[in-house]
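With chain A's structure known, arrange chains B and C on it following the hints.
So the protein sequences, as listed, match chains A, B and C.
Positions 1 to 181 (the UniProt record's numbering) are the ones given, in order, by the first sequence.
Positions 1 to 181 (the UniProt record's numbering) are the ones given, in order, by the second sequence.
Positions 1 to 181 (the UniProt record's numbering) are the ones given, in order, by the third sequence.
Since the hints were derived computationally from the structure, they do not count as laboratory data.
Some clues are possibly wrong.
The list treats identical chains as one, so a pair stands whether inside a single copy or across any two.
[Unchecked claim] With a cut-off of at most 25 Å between alpha-carbon atoms, the simulated SDA-like pairs for lysine to any residue come out as follows:
no. : residue 1 : residue 2
1   : Lys-178   : Asn-98
2   : Lys-175   : Asn-139
3   : Lys-175   : Gly-111
4   : Lys-178   : Leu-141
5   : Lys-175   : Leu-112
6   : Lys-178   : Asp-138
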Amino acid sequence: MPSPAPRGSVTLVLGGARSGKSRFAEGLVTASGLERVYVATAQAFDDEMRARIAAHRDSRGGAWRTVDAPRDLAAAIDAEATENHAVIVDCLTLWLSNALLADADIEHEAGLLLEALVRARGPVVLVSNEVGSGIVPDNALARAFRDHQGRLNQRVAAIADRVTLVVAGLPLDLKLPKEPS
Amino acid sequence: MPSPAPRGSVTLVLGGARSGKSRFAEGLVTASGLERVYVATAQAFDDEMRARIAAHRDSRGGAWRTVDAPRDLAAAIDAEATENHAVIVDCLTLWLSNALLADADIEHEAGLLLEALVRARGPVVLVSNEVGSGIVPDNALARAFRDHQGRLNQRVAAIADRVTLVVAGLPLDLKLPKEPS
Amino acid sequence: MPSPAPRGSVTLVLGGARSGKSRFAEGLVTASGLERVYVATAQAFDDEMRARIAAHRDSRGGAWRTVDAPRDLAAAIDAEATENHAVIVDCLTLWLSNALLADADIEHEAGLLLEALVRARGPVVLVSNEVGSGIVPDNALARAFRDHQGRLNQRVAAIADRVTLVVAGLPLDLKLPKEPS
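Pulled out of the complex, with its shape left as it was, chain A reads as follows (with noise of 0.2 Å):
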């Protein structure tokens, strides 16, 4: 089982869809023993996002208290990833969606949600997808839209402290803390 994530420590968890990336996620952060926090940035525009907000919500049981952000995860993250508390985000792809359809400025807001990662006190996992690895897509909105997540998830790696590839629910490391000296 994964290895609980210490206080303050920024874990950055990939993989691409179905992967079992929120569940391993959950497991790191539940494995803390701190009080759970569950910062979500879906938002349902129709009926099979809703169906899916569902199911997930479900299938984390009532230990998890939810806080909605679909947009301003720095600011959730500052006021959740207090001593105390663990925090998963899921997931900054919902939210890079939520921001480009927003039309922000998706280099600026990531720079306040990585100045927010350092400054959190208690262990915040963040729950991405890998979207770079199938064929050119067709048309340039998705194109942009997997060259921003490709930069965001190397921006949120490059600060992390453990990195972590999801794969048909297995875990594969691509960064580890430091062993305490």
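Just chains B and C now, kept in the frame of chain A:
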């Protein structure tokens, strides 16, 4: 070279298109030294598919017995994964595609498959595609397919003794059998 | 940081879009301490492509000599991968795209490329995309492209001394050079 798959063991070989996953899986079965059975799930609906199937069959050579099982994989595994036989299932992605086209209850049929794998008396090596690491597909059917594929890969991976991701023909082990003590 | 690529060695750096694969590859070449040659395979057909090429060139800085080789990569490698030079080829995916647009015999041209790599007297680091881990593309051309890309990656990986997959800027070694004894 790959080490042989022991009797009764279940191995899942994952990879993208043209990643070399089938060849790697065939190497595992060949290294077992047992009689080789190729369980083919492909159904040829058009010339492109027929050409792929023929090319695969030619590349295997004559040392394999081929069994077609486009739909009832559990029965094929029960019949073929016997002592002295090593079985490859190539591949779960086409089997899933066939099941969806037949409007089958995927979760139920996946459950039957898992039960057959647990019952198997000879080694079974299953090949499956990683399809969830590209951009979100435009159409709902493609999204449903990759959700089913992701869930199926997770379920098989959970019971498998070994799970290997193949990238550019090179294996990356995600799960390894426990050492005999 | 990445260890330097030794003389005459061939390194394949794989990754999805915006995975950080080019930057990682450039780090390998820079660490060699040799004169750096950037073999660019991009052809600018439109403004989006021109902007990408210019951004890449700016991010490299002035320490690189750039050679354009959209089609005849084997000749460029023969000319540039000499003693005291370290070469990056960025990238095989654009080269493959150019070759397909020119209706070339891909298998033959890939063979010429492999022969040039084996002849190289200075280190060559090749960047290539992983494009086969998304859903099956709708159109036959995209399917043919990813088949060609997968086969090309396998062929180069088979002769490479080192193969590294880059995810979110982080390297995952799939193949490492044998230790000198």
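Now the hints, each set against the structure:
no.	hint	result
1	Lys-178 - Asn-98	neither (34 Å within a copy, 44 Å between copies)
2	Lys-175 - Asn-139	neither (33 Å within a copy, 35 Å between copies)
3	Lys-175 - Gly-111	within (21 Å within a copy, 35 Å between copies)
4	Lys-178 - Leu-141	neither (39 Å within a copy, 44 Å between copies)
5	Lys-175 - Leu-112	within (23 Å within a copy, 37 Å between copies)
6	Lys-178 - Asp-138	neither (42 Å within a copy, 41 Å between copies)
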